[in-house]
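Here the protein sequences line up with chains A and B, keeping their order.
Per the working numbering, numbering through the first sequence is continuous, rising by one, with the last residue being 288.
Per the working numbering, numbering through the second sequence is continuous, rising by one, with the last residue being 1425.
Don't read these hints as lab results, they were simulated from the structure.
All values reported here derive from a predicted model rather than from experimental measurement.
Cβ coordinates follow ideal geometry from the N, Cα and C atoms, glycine included.
Take every hint as true, because none was put in to throw you off.
Only pairs whose alpha carbons sit at most 25 Å apart, straight line, appear in this in silico DSS-like list of lysine-lysine:
| id | chain 1 | residue 1 | chain 2 | residue 2 |
| --- | --- | --- | --- | --- |
| 1 | A | K283 | A | K196 |
| 2 | B | K1118 | B | K1042 |
| 3 | B | K1343 | B | K1055 |
| 4 | A | K252 | B | K1402 |
| 5 | B | K1343 | B | K1118 |
| 6 | A | K127 | B | K1180 |
| 7 | B | K1042 | A | K252 |
| 8 | A | K252 | A | K222 |
| 9 | A | K127 | B | K1402 |
| 10 | B | K1418 | A | K252 |
| 11 | B | K1083 | B | K1319 |
| 12 | B | K1042 | B | K1103 |
| 13 | B | K1083 | A | K252 |
| 14 | B | K1042 | B | K1343 |
| 15 | B | K1103 | A | K252 |
| 16 | A | K252 | B | K1423 |
Label pairs and their calculated CB-CB ranges:
| id | chain 1 | residue 1 | chain 2 | residue 2 | range |
| --- | --- | --- | --- | --- | --- |
| 17 | B | K1368 | A | D139 | 40 to 50 Å |
| 18 | A | I135 | B | G1184 | 15 to 25 Å |
| 19 | A | W62 | B | S1422 | 20 to 30 Å |
| 20 | A | G113 | B | T1068 | 19 to 29 Å |
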Amino acid sequence: MTFKKSSYWMFLIPCLLAITLVIIIPFIQGIYYSFTEYNGFQVAAFIGLDNYTRLISDGQFWDSMLFTAGFSIASVIGINALGLGFALLVTQKFSKITSTLFRTIYFMPNLIGGIILGFIWQFIFLKAFASIGEITGIDAFNGWLSDTNTGFWGLVILFVWQMSGYIMVIYISFLNNVPEELLEASTIDGANAWQKFWKIKFPLVAPAFTISMFLTLSNAFKVYDQNMALTAGGPFSSTEMATMNIYNTAFKIQEMGYAQAKAVIFLVIITIISVLQIYITRKREVDL
Amino acid sequence: MKKRLIGLFFTLTVFLLIGSACSTNTESGNNDQVELSIFNIKVETKDQLEEMIAKYEEENPDVKINLTTVGGGQDATSALQAKFSSNDEPNIFLLGGLSDVAKYQDYLIDVSEMESAKTAIDGTLEGATLDGTPYGIPLNIEGYSWMINKDIFNQAGVDPESIGSYQDFVEAVETIDSQKEELGLESVFAFSGKEDWVVSQFSSHFTSPEFNNSVIEAYESEQLDLEYGSRMKEYTDLFNQYNAQPILSLDYSTSVEEMFAGGQVAIIHQGNWIIPSLDSIDESFASEKLGILPMYVEDDTEGKIIAGPSWFWGINGDKDEASVEESKAFMDWMYTSDYGQEKIMSDFKYIPAHEGYDTDAIADEVSKTIYEMLMNGETGVWANNQYPDGFFSTALFPEFQKYLNGDITWEDFEEVTKENYSKMR
Chain A
1 MTFKKSSYWM
11 FLIPCLLAIT
21 LVIIIPFIQG
31 IYYSFTEYNG
41 FQVAAFIGLD
51 NYTRLISDGQ
61 FWDSMLFTAG
71 FSIASVIGIN
81 ALGLGFALLV
91 TQKFSKITST
101 LFRTIYFMPN
111 LIGGIILGFI
121 WQFIFLKAFA
131 SIGEITGIDA
141 FNGWLSDTNT
151 GFWGLVILFV
161 WQMSGYIMVI
171 YISFLNNVPE
181 ELLEASTIDG
191 ANAWQKFWKI
201 KFPLVAPAFT
211 ISMFLTLSNA
221 FKVYDQNMAL
231 TAGGPFSSTE
241 MATMNIYNTA
251 FKIQEMGYAQ
261 AKAVIFLVII
271 TIISVLQIYI
281 TRKREVDL
Chain B
1001 MKKRLIGLFF
1011 TLTVFLLIGS
1021 ACSTNTESGN
1031 NDQVELSIFN
1041 IKVETKDQLE
1051 EMIAKYEEEN
1061 PDVKINLTTV
1071 GGGQDATSAL
1081 QAKFSSNDEP
1091 NIFLLGGLSD
1101 VAKYQDYLID
1111 VSEMESAKTA
1121 IDGTLEGATL
1131 DGTPYGIPLN
1141 IEGYSWMINK
1151 DIFNQAGVDP
1161 ESIGSYQDFV
1171 EAVETIDSQK
1181 EELGLESVFA
1191 FSGKEDWVVS
1201 QFSSHFTSPE
1211 FNNSVIEAYE
1221 SEQLDLEYGS
1231 RMKEYTDLFN
1241 QYNAQPILSL
1251 DYSTSVEEMF
1261 AGGQVAIIHQ
1271 GNWIIPSLDS
1281 IDESFASEKL
1291 GILPMYVEDD
1301 TEGKIIAGPS
1311 WFWGINGDKD
1321 EASVEESKAF
1331 MDWMYTSDYG
1341 QEKIMSDFKY
1351 IPAHEGYDTD
1361 AIADEVSKTI
1371 YEMLMNGETG
1381 VWANNQYPDG
1391 FFSTALFPEF
1401 QKYLNGDITW
1411 EDFEEVTKEN
1421 YSKMR
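Whenever a hint applies, use it, and build me the whole structure from the sequences.
Encoded structure:
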């Protein structure tokens, strides 16, 4: 096509340059460091695969991987269910203002940064929940974030609350594209609302699942700031996610090389999961 | 043709933009002016330090000092490391323990000839001394142990002065606990089990004597024996039993600013750095109610607190000569000039780590007690600052939390902690 035109490359070069500088070069450097003993200043020794073999028996790392996986599953389900629910709600035939208002409100949490969200929810879980518990006498409201279970669900609630508005927007655009004639025809054929949803809307928004699942899954795996602000891995590192484990290894224990090896493994795992997920959901999409 | 010209124009613009973004602002303004950068971790005294710098700049118009403050909830050590990794090394920065000194040793200069090092109180330079060379100027003296609300003690009929042994302390706690309702207390203790550094400091009472109360010995130790582990267990069980719950999510601000300052608890484990925030909540708190009780570790009747310099100013020698000289001059001025000394005492409210200060002017009683105990040798050292990198936050703290929660036994705790200590050293 136009690959030989010089202007094509001129347009591309700034972008390529930026990507090379901030992604490709650090990536290659990172892989190199994962084979070394590195403290952030100088490389002490080249130790080959030692970092990786050591990783296999690092219980804390695999615990945090498992925790992250559990968190991802719970939040992917929660976000998509809630996001789709919101989308269905706001595409009902309200007046224009109500529907815009609700869309804005649902989307709003997404505009707040993760750290701040973490602190807001920390306040809710620790202070507001405790007061509710005191007033109602329901014990379930007490002691949030002080054990692994409530820490886990605290994180899930926070993340679902943050992401579902964003995912809602994606579903809205797909729901708006469902042809009106199809829905009318089904009404004439006597389909009720439930049937219309499962038999018509649901299959037609399947491509949205691919996108939403991909976004939520990869974001859930990469969560750091929410985790940091809400529980900071506590109690006893049991709510420490993989990213936090990597960060702590690098900056608290000062073993950059080992942390880099963890990061490489983490990247490989995320890539495999994402590719698998896209492959599976793609197969389920329906064309009109 | 026209299209190509437009394309060319855009590409050039982008290149120019990238080019200008990459070039750094070098040498702007006056050439004789020396620019220094200071990396500060003490957020509490950021304003005071700024004032100090402003005064110095006024007296020395050819010096410009930029202050960066990182700290509080943020991970200051990582931020400092990031500064170094990005070749944006500050001229003056704070060092936590000997492992920090060792890490930045290539950059640091020998401070022994400096005025502010010569006047430092005997032994306070030890925490920044490697192979006999001091690399840092002590920032101040900080001490910690049980901080108590004397008011509550007195109301419960316990004279804090009369507590002279571990047994007395336990009895005092039990007495106060029995009158919880009348005193309007939530609980006796508010130990913040959510903060890793509080746990780390608590552990120092029991590890310092093991290292003969020597910072260097702690730094060089290959292993931790927890010689005084059984006493540590007794103290831990005691506060866990009478603590505000859930202890594992009790954070610093709830423990100090809400419960302790609000008179809902009688005892917390903290140091004199809480005084400014206590004062900002209740002006008379520090002067009238605050007290400090020692811990009885080596001996049942001889109590000790932990006190000493916790931070050291290091000077970056990897800079041009003029700025190194200027950095030294600023440090000396800050700690030895009349203006500096007065500010350190009255504004920073520090316990001075240097001689020649009017120590009678130490504003509050707790700070005075800490200073006196340090002078009388009734103190242990900040052994927790010499633990292996990351040990307290990723090994000691999680295990301690597990014990507090009843998930593991004390034997498990000791075993895992010792093992991790040797492994991480």
